[in-house]
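**Student:** In order, the protein sequences belong to chains A and B. Per this note's numbering, the first sequence starts with residue 349, numbered consecutively. Per this note's numbering, the second sequence starts with residue 349, numbered consecutively.
Careful, some of the hints might be misleading.
Copies of the same chain look alike in the list, so a pair counts if it works inside one copy or between any two.
[What the hints assert, rightly or not] Taking lysine-lysine pairs in the PhoX-like style, the calculated list, with each CA pair at most 25 Å apart, reads: (1) K820 <-> K745; (2) K557 <-> K517; (3) K472 <-> K735; (4) K524 <-> K534; (5) K524 <-> K675; (6) K517 <-> K675; (7) K517 <-> K745; (8) K557 <-> K616; (9) K534 <-> K370; (10) K562 <-> K616.
By construction, these hints were calculated from the structure, which means they are not laboratory data.
Protein chains: 2
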Amino acid sequence: MDPEEYRRAAYASVDYIVDYFKTITERQVVSNVEPGYLRQVLPNEMPQEPESWDDIHNDFDRHIVPGLTHWQSPKFLAWFPANTSFPSILGEHYSAAFSAPAFNWICSPAVTELETIVLDWLAKQMGLPSQFLSDVEGGGVIQGSASEAVVTTMVAARDRYLRDAIASKYPTEEEKETAIAAARGKLVAFTSDQTHSATQKAALIAGVKFIAIKTFPEDDYALTGPALAKAIQEAEEKGLLPFYLTASLGTTAVCAVDKFAELADATKDYPHIWKHVDAAYGGAALICPEFQHYLDGVEYFDSFDMNMHKWLLVNFDASCLYVRRRKDLIDAFSVTPPYLRNEASDSGLVIDYRDWQIPLGRRFRALKIWFVMRAYGVKGMQEHIRKTLGIGIHFMKLIQTRADVFSIATPPRFGLTVFQVLPSKSGETANDITKRVADRINNEKVLFLTASTVDGNMCIRVVTGSPWATDKAMTEAFEYILKVSEEERRT
Amino acid sequence: MDPEEYRRAAYASVDYIVDYFKTITERQVVSNVEPGYLRQVLPNEMPQEPESWDDIHNDFDRHIVPGLTHWQSPKFLAWFPANTSFPSILGEHYSAAFSAPAFNWICSPAVTELETIVLDWLAKQMGLPSQFLSDVEGGGVIQGSASEAVVTTMVAARDRYLRDAIASKYPTEEEKETAIAAARGKLVAFTSDQTHSATQKAALIAGVKFIAIKTFPEDDYALTGPALAKAIQEAEEKGLLPFYLTASLGTTAVCAVDKFAELADATKDYPHIWKHVDAAYGGAALICPEFQHYLDGVEYFDSFDMNMHKWLLVNFDASCLYVRRRKDLIDAFSVTPPYLRNEASDSGLVIDYRDWQIPLGRRFRALKIWFVMRAYGVKGMQEHIRKTLGIGIHFMKLIQTRADVFSIATPPRFGLTVFQVLPSKSGETANDITKRVADRINNEKVLFLTASTVDGNMCIRVVTGSPWATDKAMTEAFEYILKVSEEERRT
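Only chain A is shown next, with the shape it has when bound in the complex (with noise of 0.2 Å):
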């Protein structure tokens, strides 16, 4: 393909992008396709000779984007928005043209910089507490995911944790290795029963133990101090070395936000104990200041997390994660052969984020991140965030005047309503028909949507973030459940 058929494919994929967009509504939300449907329409082996452009569009028309789940949808309203937008779609374009595994500075300085900076005015703007800055001893680090944000600072807490906790205690090399050894198998990782599965899975990568904290409705879910301090204890007397404690801003079940500042009180004792924030879906609302109250108790804390890819219309990868001593991720990550030695990196000038993550290359994703920022402002994230709120709470007041056939579960958060269907007759549970209805939706692929359990309880989630949503989609969709769950009540 030589520059001018690039100008022309471009040309004709920014048009299919708009119309995209243009009948993002109209489009069934989830795929029809069955599984290995694909297998069953391209060929077993690569093509030996150069396609054209037009044939292979056209089979990308034809087979590819109809296996895809529209998550800009409106009637996307499962798991959490993955938003995108057009001023990120340009950053990912340039992104692949300049093209670099840009593991150090001096791989594209401007790879480095912007990141330090988007991300510095990003924990401005959430109102992050100051240790997160760069210009101190902090910093923040554009990762992959959520659940890598999760493993990163795991493997560095205890990393932290052996060499502080465990090896400073004895003066010989062997000492030491053979306290490391013993302790190894002893550290315990905490998170409470709403935690995001993703600590599990770290705990699994890191080598360690993992303690889910029960969690009540009477505190809406969230993790409290007492019931943290209780663990440890626990844990303890086990024989058991605490060592990192993951507290979410917004589960993904019902987005509860954990005690923060209770769950500081009650490590204070612990200084070795890395406290890690994962506001992976709620920490986009912090661009708002009326929400800023949830991070009282944040500035204990050695880690934030939040993705921009998630609702705050950068798309995936965006995740945001800051640490208060980012010595502590370059102490665990940093190996640095002679291949990858510069004179920038040698000056201590510069930052190389590759010692600040599991991967050695990383892409340009700064870039989408400014492109977002200056385009929409900070007005217009707040707008974004600020409507698409109200959507889910025009949603769940829609759900409040069917009281008679719904139940709210927990308390709606971050635009999240939580709802059983309430059984008609006898001898059905609540769980029974609530899963019977979720099942009805997205088999018949109008809506698409979570069912999850609650304490043991069936639950539908819904919530949308997607920039496409409105009042009247929500309504719509409102209605669509309406009339499944009164068809399931009476069969």
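Once you have looked at the hints, place chain B on chain A.
**Tutor:** Chain B only, in chain A's frame:
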């Protein structure tokens, strides 16, 4: 930005990208900016109001592009190439528009299915052993980088070892746990001293020991079977537990290829040692049958990884990891909370790639791979590899014409030439003059190359894989290197 504003901005971006590539050879390959340059020209805070695309793009052109290092330039001869291509850029563009954190099949069926298909295509075309195809117990998965692939397989290897080689010997849960805790601190991963530092970093992350086995110039710096057998024996004598090996198909410093068949033989009595091939750069050459003899012995290996994003025309990231038994990955990485359950996954008919990797979410990266495979075809890809290899050999021959000034340090492979500048006066070493020449070249920024040490000797590495590379550009590069070398030898 509304759809029509996007259309205008995107058309203009396409034109900008076309101009960028049309002028790529004239651009200074490394940026002139000083550390901190961008902080001085950008504001300290995110803008409050939305800004116009014209303003944003003007700043992009004035402040960001001058801070880029041009990896696609034929003057970029450092590290390894990191190709992009027009079909790849188109794939990223669409991927950003259809953005989704496609962690399971139903998230967007095409994302998963196309990935399985293109990775099978690639495996067949590279001549990989059939155990790595998806149709039996193995399969491929796109990772972000070769370093991530090493961590992923090492964690799976660690857990497989602890389960199969340790825990399985004990009847009770308590005994199993005690044995695992005792074994964990004794696990050791092997590489050669030429292997990329990613394996050392992975060992830090996985919390295991790491031994780099010395290689020798008489073996072309390849890791041999006898050397591995000796290292395993010595480790066992110290009470360590060998569980993982990274063998390389093209090491970073000199492109050495380890002796896979010998390594398989040396580990034949150690079924629990996971054997991984890191073919990050060199793997691309396997698209040409004349290089597939290098794979001899790989049929005994557990995993194989190569980066299409280095030399195979797909922009970063696209690291293609193959495993013999996908169950090994799933055992290590699968955690399924209720909110991730769905009918398709429960049916067992689909792949959920989230269980084959560290992060949960994943981008639609198979699309760009498919576009590239079809736009180039096997023939186009082979032509690209053979052409850039030829340019590398052209450079090597030019170096050989001046045996009075240069000395080739290691046999050239995969287009990489590693050489020293010879000293011209007594008291000066080849190391001194080679370093001086490399530093001056990188400071003058006419070319960008890597200086590294091989067996304690300072060497210059020169390699290109750029689709924009030509014999003419390489001749100019040689003449410039010769000029600088001659001047430095005179001073």
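**Student:** What hints, given by number in increasing order, does this structure fail?
**Tutor:** The structure breaks hints 7, 9; every other hint is satisfied.
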